[in-house]
Amino acid sequence: DTEVTQTPKHLVMGMTNKKSLKCEQHMGHRAMYWYKQKAKKPPELMFVYSYEKLSINESVPSRFSPECPNSSLLNLHLHALQPEDSALYLCASSHRDRDHNEQFFGPGTRLTVL
Amino acid sequence: DQQVKQNSPSLSVQEGRISILNCDYTNSMFDYFLWYKKYPAEGPTFLISISSIKDKNEDGRFTVFLNKSAKHLSLHIVPSQPGDSAVYFCAAAGGGADGLTFGKGTHLIIQP
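Top to bottom, those sequences are chains A and B. So in the working numbering, spot 88 of the first sequence is number 88, and the numbers just go up one at a time. So in the working numbering, spot 61 of the second sequence is number 61, and the numbers just go up one at a time.
Pulled out of the complex, with its shape left as it was, chain A reads as follows (with noise of 0.2 Å):
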């Protein structure tokens, strides 16, 4: 298995809702990351999580709430967003005891915050 899986492909939220985005992959990778794009700008990382913990939060609102159940599962909790939170969100993952740091993306999950 070579792919990097993420739910829903699409979302809609308020910005009273509280949702979840879901990413899961199954290469063994011990690294896995957020990324956020806005249309016609390059991804943006978020945050690292490195053998399950979080090793890296670029600055992000606290209505971002990563979590890494386990070494193949990643989520993002929403929470009181704000239109312009509105992009492709991109999950990726990575080996981090190999001297490549190839990261494979997932196919994101497009975002619409109303």
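The reader is advised that the hints may include incorrect statements.
[Said to hold, decoys possible] Simulated pairs of lysine to aspartate or glutamate, EDC-like, Cα-Cα distance not exceeding 16 Å:
| # | chain 1 | residue 1 | chain 2 | residue 2 |
| --- | --- | --- | --- | --- |
| 1 | B | K71 | B | D31 |
| 2 | A | K41 | B | D31 |
| 3 | B | K71 | B | D55 |
| 4 | A | K40 | A | E84 |
| 5 | B | K71 | B | E15 |
| 6 | A | K53 | A | E67 |
| 7 | A | K18 | A | E67 |
| 8 | B | K68 | B | D31 |
| 9 | A | K41 | B | E42 |
| 10 | A | K53 | B | D31 |
| 11 | A | K40 | B | E42 |
| 12 | B | K104 | B | D24 |
| 13 | A | K22 | A | E3 |
| 14 | B | K5 | A | D85 |
| 15 | B | K104 | A | E44 |
| 16 | A | K38 | A | E3 |
| 17 | A | K19 | A | E58 |
| 18 | A | K9 | B | D31 |
| 19 | A | K40 | A | E3 |
| 20 | A | K38 | B | E42 |
| 21 | A | K22 | A | E67 |
| 22 | B | K68 | B | D55 |
| 23 | B | K5 | B | D24 |
| 24 | A | K41 | A | D85 |
None of these hints come from the bench; they were simulated from the model.
Got chain A sorted already, so can you dock chain B onto it with the hints?
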């Protein structure tokens, strides 16, 4: 401050010819460079990478060249095919950071 720069927002190349996409970086701590291909509403697809200890890496139709002294890398695609039409992102890793720093992308259009 943009640490990875792709100065050409778009590039049009005739089918069968060589496509050359360029990327510059400013952070000398970067030690690993990657190219990704992206279609709209999809995640980036990894294409090819190069470590800073090398100056060339080849994989099929794709070759990446790295010039460390100039802080410049390029992706060559030869021959270009219609399916190569997509946005190509240059990304860099290293300097103690776990994540990737992306350039703004170049939209490659292969003309029949």
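Among the hints numbered above, which are violated by the structure, and what are their numbers in rising order? Numbers 2, 5, 10, 14, 16, 17, 18 and 19, in rising order.
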